[in-house]
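Listed below, chain by chain, are the residues.
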Amino acid sequence: MFKSFTHYLARIEAFLVASVMLTISALVFAQVLTRYVFQYSTPWLEELTRFLMIWMVMIASAYAVRTRQHIAVDVLETVITSPRWATVYRMCLSVICLGFCLTLTYLSYVVVHRTVSFGQLSGAMRIPMYLANGSFLLAGILMSIHYLDEIVRLAIQPKSRDVHAKGVLK
Amino acid sequence: MTLFPLFLLVILTGIPIAFAFGVAALLFMTFASGPSLKFDSLVTVAFSGLDSFVLMSIPFFVFAGDLMKQGGIVGRLIDFSALFMRKGRGGLGGIAVLASTFFGAISGSSAASVAAIGSSMLPEMERQGYRRQDAAALVAASGYIGILIPPSIPLILYGLASSASIGDLFLAGIIPGLLATVMFVGLNSWIVRNSGDQTAVQAATKIHHGHLRTGLSAIPGLLLPIIILGGIYSGIFTPTEAAAVAVAYAIFVGLFVYRSFTLRDIPAIALDSAITSACIMLIIGFSAFFGRVMTIGQVPAAISSAMLGITSDPIGLILLINAFLLFLGMFVETATIIMIATPILLPLVKSLGIDPVHFGVIMVVNLSVGLITPPMALNLFVASRVSGVHLKDLMRPVVPYVIASIGLVLIVTFVPQLSTMLPSMFGK
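Chains A and B, in that order, are what the protein sequence lines are. All residue numbers for the first sequence refer to our numbering, where the first residue is 1 and numbers rise by one. All residue numbers for the second sequence refer to our numbering, where the first residue is 1 and numbers rise by one.
Same shape as in the complex, but just chain B (with noise of 0.2 angstroms):
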C-alpha cells in the first residue's frame, strides 16, 4: 500500500510523470521485501507496453490534429459554428462552445482545443464586452468536450487498459460530449444574462457575423471525423489505420483545399506532434512497469476491498468511485490516471454489472471535471497562458461550469444508455 502514497510524493518533486512511474517502482523495489520482480523488468514492460499497434493512433490523431490546425481550420470552423448561433443572448460564448465541440472531432486532446479556440476567440469575445476572465473560463471548459467527441486519446488509453473496443468507446463518448455541449451553450447565456453589466449584456448579443462562405469552407475538414468513425464501424479500417488515413486526408486538404501550408512546412509539424505524443507515450511505457509492480504487491485488490468496506450498496460505491476519480483528477494527470486506475477499478465496476465502455465515458467524464480543477488542472493552465489572465483569477468565475459538469458526471453515471445507446445501435 506504500507504493501509492510515494509515488504522488516523488511527482510531486516535479520530475517528468514518465520518470516518477519508475523511480517509484524501482524504489519500492529495493527497500519493500514484497515483489520478486527483476529490476531490468522496467526495460520489459516498458517496450512491451510501448510495442502496440493500437497506441500508434495516438501519435496519428496527434498529427491529423495538428495539420488540420495549421490548415487554418479554426477559424472555419469558428465561422461555421456562428451560422447556428446567429439568434440569442450571448452569442459569442455559445460560438466558443460549438467550435470547441467541432474542433473535437478533429484533435483528441483538450489542452490542443482550449489553445486554439482560445486564442482566436478570447481577443474578439473580450472587444464584444466579456470580462476576460470569464471567457477564458468557458473555453477552459468546453475544451474538455473534445476529449468526450472522438477521437479522444483519453479513450484510446482507457480502450488500452480495459481492452474494452475503442471503435465503442468513440462512439460512446458522442452523446455525453453533445450533452456537454447544450449545458455550456445554456449555461454561458445564462451568466451573460444575470451579469449584471448591461454593456456586457448587449454587446454580447451584437453577435459576430458568421461568413457564410469561410464557414462553409470548414465543411471539408469536418469530414474528417466521418471518414473515422465511418472507416472503423464499417470495418473498413482498424482505429490506428483510420488515424493514418485521417493524416493523411488532413495533408491532402492544407495542401490542395486550403492550400495553408505546404509540403515543406510537414516535417515542422510532424516533429511537434511526435514530441507531444511521445511525452504522453513515454508515461504509457513507464507506467505499464508500474501497474505490474503494483499487480504483484496486490494494491488493487488492497484498494477494492478498502472500498468494500465503506460501502456494499451499488450505488453508494458507485458514487465512492466517482468521487475517488475526481479526487484524482484533481491531482494527476489524466493519461497517468488512466494507465493506474483502469485495472484497479475495472474488476471492481465489472461485479457491480456496469459496462466497461460505459465505465470509460464515465472516467473520462470524470478526469475531464479534473481539467477545470486546481491545483493540476490542465485546460485552466493553458487558458491561462492563452489569456493573460493570473490562474487564480479563473478559480471564481470557472465555478459554475465546474457544478455543471459535475451535474453531467452523476446524468452520465445514472443513465447508462447515454453512453451504450450508439453503440449497440451501430452494432458490434
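One chain only, chain A, in its complex shape (with noise of 0.2 angstroms):
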C-alpha cells in the first residue's frame, strides 16, 4: 500500500519536476526574445523563473531520495562488504536523514507560518512569499515521506536487490 503511494508520488514528482524544467527554459528564451526582438523588457519574468527553479530543485530532491542520487561520500558503503551491516548501515543514515529532514520540515514551517502573518510579498510579482518559500516545507514533508519508505522497506525486505539499487525508480 504505502509502497505504491510512493511509488506514484515519485512519478508526480518527476513529471512536475521535467515539465517545470522545460517551462523555465521556454521562458528564459522567450524573455531573450521579447528583449532582443520586440523592445520589451519583463521584469516579473525573471522574478516567476527564479521561484520555479526553486521549486524545481527541491522537487527534484525529494524525487533524489527515492531513487538514491543525491551526492554523498560513499566510502563506508564500499568498506561494508557483509550485506547484513550494509542493510544496518543504510538503515541508519536513512534515520539520521529522516531526522534532518523532519528539522527542516519544522523550521520551514516555521518561516512558512512567519511569511504568512506578516503577509510578505515578493519584490516583483508581489505575489505571497509562501507560494515561493513553501517549496522547502514540501520538500522537506516528500523527502520525510521517501526516507521513511525507505526504511520501511529495508526493514521488510532487507536483501531484495531493488532496495539497493542506484538512479531507478522502484
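Don't read these hints as lab results, they were simulated from the structure. Positions of the beta carbon are idealized from the N, C-alpha and C atoms, including for glycine. All clues stand as given, with none of them false.
To give a feel for the contact side, a few chain B residues facing chain A, derived at Cβ under 7 angstroms: (1) E241; (2) P267; (3) A270; (4) C279.
DEER-style ranges, computed between Cβ atoms: (5) B:K38 to A:M125: 23 to 29 angstroms; (6) B:L263 to A:M125: 26 to 32 angstroms; (7) A:M125 to B:S351: 40 to 46 angstroms; (8) A:P128 to B:V415: 49 to 55 angstroms; (9) A:L138 to B:T30: 23 to 29 angstroms; (10) B:L263 to A:I12: 17 to 23 angstroms; (11) A:Q39 to B:R385: 48 to 54 angstroms; (12) B:S163 to A:L102: 32 to 38 angstroms; (13) B:Q417 to A:P128: 51 to 57 angstroms; (14) A:Q157 to B:A306: 47 to 53 angstroms; (15) B:V257 to A:V75: 43 to 49 angstroms; (16) B:R127 to A:I12: 42 to 48 angstroms; (17) A:P128 to B:S163: 28 to 34 angstroms; (18) B:W190 to A:V75: 30 to 36 angstroms.
Hey, can you piece these two chains together into the complex? The hints should help.
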C-alpha cells in the first residue's frame, strides 16, 4: 500500500520536475526574444523563473531521495561487505536523514507561518512569499516520506536487490 | 574552529553532502555558544542562496549538454577529432583527449565527459591494443579538461561565490584547458612509446580512420560554444540567457539537423538534467547556510591567520593555498569546496595582489587534480564504472597524469597571463 503510494508520488514528482525544467527554459528563452526582438522588458518574468527553479530544485531533491541520486561520500558503503551490515548501515543513514528532513520541515513551517502572518510579498510580482518558500516545506515533507518509506522497505525486505539499486525509480 | 572537522565527520558518515552542511551547522549552533543565529535561518539563508538568476545557468547548461549527448554529438566529435590526429603515435588516445576537449565546450561537467567519451572510446582503444586500465586512466584525466573549457559549472559556482564575472572566468579557462589537452596528448604518445609492448605500439599507431562526413557533421554542435561565448561577450545575453539559448539550439539541432530524438524524448532528458543539477544546487543552498554560520564563527579569519602564521612570503603562501586546495580536492567533492573555500581564501588572495578571475582558474585546476586523486576521485569512479576496471587498478596508470596536472597547477599559478590574457583582450 505505502510502497505503491510512494511510487506514484515519485512519478508525480518526476512529471512536475520535467515540466518545470521545460517551462523555465522556454520562459528564459522567450525573455531573450522579447527583449531583443520586441524591445520589451519583463522584470516580473525573471522573478517567476527564479521561483519556479527553486520549486524544481526542491521537488527534484525529493525525487533524488527515492532514486538515491544525491551526491554523497560512499567510502563506508564500499568498505562494508557483509550484506547484513550494509542494510543496518543504510538504515542508520536513512534515520539520520529522516531526522534532518523532519527538522527542515519544522523550520520551513516556522518560516512559512511567519511570512503568511506578516503578509510578506515578493519584490517584483507582489505575490505572497509563501508561494515561493513553501517549496522548502513541501520538499521537507516529501523527503521525509521517502526516507520513511526506505526505512520501512529495508526493514521488510532487507536483502531485496531493488532496495539497493541506484538511479532507478522502483 | 570545530565546525570544519565536524563537517568532515558528518560527510564521512555517507549522508547526502547537502544535508551534511545543514546537520553540521545545526549541531554547531546547538552545542557551541558562539553564533547568535536563529535556527530557521537554515531555511531563509538556503532559500536566498538558491534565489539567483545566475544559478539558473547550471540546469540550463546541464540540459543543453544532455540534449547534445542524446543528439549523438559524441560519435561525431570523435570522428571530428580523428581528422586532426591522422599522424603520430598513440593516435587513438590523442583522439580521446581531443574529443574530451571538444565535448568540454558543449558540456560543463567533467563526470559527464568521462562517461560520454569513455563509453564510446574505451572498447575501440582496447581493440587496438591499449591496456584497458591505461585507456581508462587517460579518459578519466582528460575528463577534467571539460571543466576548464567553457561552459563550466565549477567556474559558474566560483563566479557566484566570488562575484567575479562569469564571462571573464569562461574566457580565462580556455588557454589552461588547451594546455592540458596538449600535455595529455603528448603524455599519451610518450606512454604508448615507452610501454615496451610492441603490439600495443603498432596497433595504436594504426589510427582509427575518421569518417570525413560524420566528422564534419560535428560542426553544428561545435557552433554551440561560439554562440554561448559570442553572445555573452557581445553583450547580447547574460550567462543564464546564453544557457537558455544553448538549450533551444540543442533542441533545434537534435530535432532537425541530427534528427536523433523526437519531441517525445525531450521530457525524459529534461528530468535527468533537472535531477543532476538539483543535486548540485541543493548543496549550494545548504552550503550558503553553512557559510553563514562559518562567517559568524569567524572561521575564515582563523584559517587565514593560521596560514599567515606558517609563512608570510607571498610565493610560500600561494604554494600553501595550492597545497590546501589539492588536499581538500582529494577528500571533498568539487562544488562543496568551491562554496566553502572561496569565501575563506579570497580575501587572503586579494591581499597578495592576485586577480580574482586568475584565482578562479587556479582553484578549478587544483580541484581538477582532486577529480583523479583518491579517495574522492569522481572521474576515476566514473571511468571505473564505464570501463569495468577496478578502482585500485587505475591507481598506477593515472600517476603520470596526476604529476602532469600538478605541473599544470604550478604553470597556471605562476603565469597569470595564461588566465588573464583572453579576458583582457576582449575588454570588460
